[in-house]
Amino acid sequence: MTATTRGGRTWRPDYPEEGTASARARRVRHVFEPADLAFRGVARSGGLIVLVIMGMVGFFLAVQAVQAIQRVGVVEFVTTPDWSPETNHFGIAALLTGTVLIAIVALIVALPLSAGTALFITEIAAGGPQRVLISIVDLMAAIPSVVFGLWGLIFLQPAIVPFSRWISEWFGWIPLFAVDGADPHNPLPDDSLYTSSTFIAGLVVGLMVVPIMTSIMRESFSRAPIGEREGAYALGATRWGMVRAVVLPFGRGGVIGGTMLGLGRALGETIAIYLIINPIFNINLHLLQNGTNSIAAHIALRYGEASGLGMSALMAAGLALFVLTMIINFTASAVIARSRSGAESEA
Amino acid sequence: MTTTVRPEERHNLHRSLAQSLQEERLLAGDRGRHEAVARGHGTHLPRLELESEDDAPRVTIGYSRDDVLTLVGSICSSIAVGLLFTAVIGLVPIGWLPVLAFVWFVLIYTCLVFLRNPGPAVQDRFWTVILWAAGVVVVGSLALVVGFTLFRGHDVLDQMFDPDSKQDLWQRLHFFTTDMGGVGPIDGLERGGILHALVGTLIQIGIALAVTIPLGLTTAVFLGEIGGRFARFVRTVVEAMTALPSVVAGLFIYAAVIVAITRQPNGFAASLALIVLMLPIMIRSSDVVLRLVPGNLREAGLALGAGQWAVVWHVVLPTVRSGLTTAIILATAHGIGETAPVLLTAGYTTNLNVNPFSGPMTSLPLAALEFVKNPQTTMIARGFATAAFLLVLVLVLFVAARALAGQEAGKLTDGQARRRRAKSRSTLQRISHAHVASSVRLSPHEDPA
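Chains as they are written, first to last, in this note's numbering: chain S, 11 to 357; chain Z, 99 to 547.
Think of the hints as simulated: they come from the structure by calculation, not from any bench.
Wrong hints could be hidden among the right ones.
Under 10 Å between C-beta atoms, here's a sample of chain S residues computed to sit facing chain Z [claimed, not checked]: (1) Val52; (2) Val76; (3) Gly278; (4) Met321.
Result set (DMTMM-like, lysine to aspartate or glutamate): computed pairs, CA atoms no more than 25 Å apart in a straight line [as the list claims (entries may be wrong)]: (5) Lys471(Z) - Glu323(Z); (6) Lys521(Z) - Glu337(Z); (7) Lys471(Z) - Asp201(S); (8) Lys471(Z) - Asp164(Z); (9) Lys471(Z) - Glu238(S); (10) Lys471(Z) - Asp200(S); (11) Lys471(Z) - Asp266(Z); (12) Lys471(Z) - Glu288(Z).
In this text, a Cβ means the ideal position worked out from N, Cα and C, and glycines have one as well.
Bound-form chain Z, shown alone (with noise of 0.2 Å):
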């Protein structure tokens, strides 16, 4: 070779020279190979000498015909088995097929897989499918607790869209627009609803926003941007309060204000036990999100020679903005969806009361449990149709969450870099002028003479 090669040139030479190598022995078989090796000009590979044409065939990758037919063939089996034992022969009640498909799949699959595979292929296939089904129970569960409660809400839902009840459209949304207030036990649901109840969790839900969200943020800030010895001491105790049930939180409020001072259940105390609970929940998942941002960004403020709190205000808190929001809005799922507290707190009532000092105050989550605890079943509709609204409310509020989550730390939409950079543009104006009008004028610096 008498042209220059260049060194990525070389390399691919090297492997077409191995190859043609590879293929010479293929054709010539073993005195082909000795002759390449001996012959001294290629590349020597020693891997062409360890490699015999009789190795055992390996465990491949991905799934070959073979794979989903046994599938397939196991699935068809495991159901048919299913349907025999329980809805052709009736040796088992039918509400057991899935759980003896299950078990018919898990063997004959196994076995099939043993019949072609060696033994980590066989344990592969079975911890696969223990793997799936555990992932399918966890989901179709929380689809069965979710749909159930918006299924068993309907009966309400029906009889606000009943053609029927020659309402006008004001009073079909009664259930969101009128209380309990002299509903008796065996009025239909043409009667009542839960105004009442969301307006009392409106309320202590924003009291204890209100108290919740400016202190929390400061003393997650506090734990994360000053530290110190009293900081850490602030975040075991805080850590340690996650652990409080919310039960205890509400039997706190109880004994310390209800029984001490008020004398009767209201919607403020209600607030106080929610604030207890929500403040170390927020703290804790603000100071996570606040960890997340880069030491550099911090430093790069402070080398611009901004202050503590400049950093602090302009680079830290917008920085993970979204995060922050996501906590809040977490946070506030939580605390709507507490029961425990306010049920000793909050006190019952079937009246609206918009007054948080005085008089029992209902939140939705209890009243549901209220509702449930009747026996008439219009009752438990009302129930369920409580329950259904607030798990529509937390879902709203879990959406908006994520939604705002997918934005990662110190990331800006196309709208906000715009502003971001017409907003670097202006102060750059701003200091060339000034810098041409010091520059006229004589600066401070230089010697007035």
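Next up, chain S with everything else stripped away, as it sits in the complex (with noise of 0.2 Å):
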């Protein structure tokens, strides 16, 4: 008190001090010894060989691909149905179709059931089985697709014909439901019309693509901050009000990435669906109806008799999913680093 009333004006000690106009920061130099710079060398051409491979692969299939595409032309390639690169006619109008058809009807299936849990595990088992459930989730991503398949195919697909055969009875007006050949009179009704569908692929897929879904979406959810959380409550907000007014906005970003994600993984699904479906090559718009096709499966079941001009047909038609998955992997890890949850994904 009495030293900055001193001399009856405020007391300030020297500053600037002196000669500080005039000083200049100290050059920092990086030293690095022997060691240092060994290391980093290594780690740098670590760097660049996976960059080499990674490249060489997208490279070669970017080449192949190429001249594929240019024996027929861009336009005939996205919109043929038929594949016969011996006669150069060829296209994934029908695969690209089937392809996204099952990975949609993947996603209706995934969607509401990754979301429920996400909001399970983060909302409602917290403190109880939360961690028990985590790990549950992340296992059934480390099963492998030939066990998704092989369940699918044996034990799914007759269990589920009967509500095949039920939604186009009742829905057949929807052309998206109709199935062609199916006589609702008949007492005796043909089972294999309903086998090895859109349906029960994308099914299959949906449940295989859950695991990812959830763990992004629970990352995002279980971020949504405590005060914000408690705000509400405070509030008066039930559980679910408290969800809807502060988690579900808060968990928006993660829940479309992940949703993205789920989206990319189900495009480039390969052995359940090439065990469970029959390959058609044409577009088969009925999700009920036996027989659709996929890019994946269908590289799966054709590259043996390939050779050639077929060979690069069938890298031009991975390298058409290859782009689509990557488009939407980066828009969906835009959308989540850019929501406000910002959740790392760990895909």
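Relying on the hints, combine the two individually framed chains into one complex.
Right, dumping it as structure tokens:
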């Protein structure tokens, strides 16, 4: 008190100190020991090797694919449903439609399930079996796809066919659910009309993408700030009221991003679809009807008999799938990164 | 009050004062309240005036007897209705029992809650039920997939432990000790096994890991510790490559290695395909783990005079050892389960082949796939047994990964902490010895004269 008012006016220490104006920041020099230099060199070359490997894959795919697409032209490649490279007549119209339809069915199954499970884990199971549930969902992500495929083929397909028939009988007037050749008045309905369909493949793929979607959504839901949660409770919200007002808006980016990553997985799924579907080469929009196709399963089926242009054509189909998946994945990570929850995706 | 009162006691005093005021008010009604406020020596509590006795009852937290009874009653009712429509009347097939019961449960439960609770509470209960249902469906379908596969594997297991088969112990284990060479489609389950696939998987995943682990870790360290524009570019490319569908990786190796060079499928090509697939997964998960290392640990190392390499080797990597192990194990589990790339590159054989550079070499998922394509029930049984074995393998790897991941970054077990203390003590001893020695000799900094 006395120091500041000494002499009747405010006392200040000398500040800035003398010579400050002419002083300059000391130059900071990085000194790397030989060991550090070696380490940096090795690490950098590791990165370079990975880059070369990945670049080679992309480059090789692109070169081969361009060869094939140049033969038929981009427009025909995208719009032709048939596949006979021997006669220079092939395209991915049927394959792409099938792939996208299966992925959409998968998402319709997986989105409510995974959003519900993520909310269940973060909001209801909190403090109780939360850790166990998280482990179970992660475990589901590690189950080999061939196991899902076998299950879908031998267990799910026979079990779900009556349900398919029921939908097509009652909602057959919607074109999507119609089944050609189905006769509702036939007392002995033909089950083979309903097997190997887009719907069944989509169901299995949907179960397969639930874990990845759930873990990303859970991550973003669990980051909803505790202060806002308690604020909602303090204003009299019920648990669901709090979830709607705080958790869901906060985790919206995680929901969208997780769904898109799931979509990417669903598009690239091979073996489960390969086991279940009955490959056809026309555009089949009837979800419940026998016969569909997908790019990945098509590659797995046809690689052996392909040579020369056939191989390039398969490469082109693979590249189309890769580009589609890549666009979706990058959009997903951008959405997740820009959202408020900003969840780190570990996909 | 003449005695001195410490602040926290004063606080308590205030509260008890307020309480007694409240009691007084309750006893004396309005008159008492006005007096208490007007007396002027107490704290003025405006809430007392705002509170009116006829406040409506609020939604309470926790479960009352009412809630429990509603829940139990709804469950009983839903099961009864489900049974009525399926088993008793037969209006709907029995398979619909769970669905029917669930729909009826949601309806009746919502109605019952609605009778006694206001709107928001009804919504809350309804959505709680829906979220429970989602969790149960996901866990249930996982249990169904795992359970069904393990159950269908029992044919082979039965045969193994069949007391009538008159095989000795070694022959009983034939499923794991023999291959399918010379086993025809009509041979019974007592012949043939999956040794060729098991060995194939081990060799392929071994080669893949021998490349993936060092290269992946080096790249992850490069991305996390060195950084820069080139590192950002590498990270973007790696991220893009995680989108590569597995079958396209297989097709790439098929076209670039098998068609162009080796002319026949072999195990090494399958390993290459696995490398292309596992590298991005490995790099990304290690990158995420490395980011968990707290910056002040690194800075502490640097401040003690350690170089960058010393900090990475002695501080960063040991801190996240368990996380990196988990990343490796999870990548292995994914690699073992990959089917599509192996299908395109490894070829299918029924015979044991231990040379990865020549001839087809089957792996476990591929063997399961090829078994199931056969129409014979024995072959399908073998396929499920193979899938079950694969599943058990993945489960074991997964549990191991979880057990390791239980350790937090930088947290030590008791044994580790003991070793660390011992090492620290010996270092201290060494330093003090050196110090004593140097003070006896003349240190080089001092003037020798």
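Evaluation of the provided hints:
1. Val52: The hint holds - Val52(S) has a Cβ within 10 Å of chain Z, the shortest such distance being about 6 Å.
2. Val76: violated, 14 Å
3. Gly278: This hint holds: Gly278(S) lies near chain Z, its Cβ roughly 3 Å from the closest one there, short of 10 Å.
4. Met321: Hint holds; Met321(S) Cβ to chain Z Cβ min 6 Å, cut 10 Å.
5. Lys471(Z) - Glu323(Z): violated, 49 Å
6. Lys521(Z) - Glu337(Z): violated, 41 Å
7. Lys471(Z) - Asp201(S): With Cα atoms ~20 Å apart, Lys471(Z) and Asp201(S) stay inside 25 Å; holds.
8. Lys471(Z) - Asp164(Z): violated, 56 Å
9. Lys471(Z) - Glu238(S): violated, 55 Å
10. Lys471(Z) - Asp200(S): This hinted pair holds, its Cα atoms lying about 23 Å apart.
11. Lys471(Z) - Asp266(Z): violated, 31 Å
12. Lys471(Z) - Glu288(Z): Status holds; Cα separation ~20 Å.
Of the numbered hints given earlier, the model fails hints 2, 5, 6, 8, 9 and 11; all others are met.
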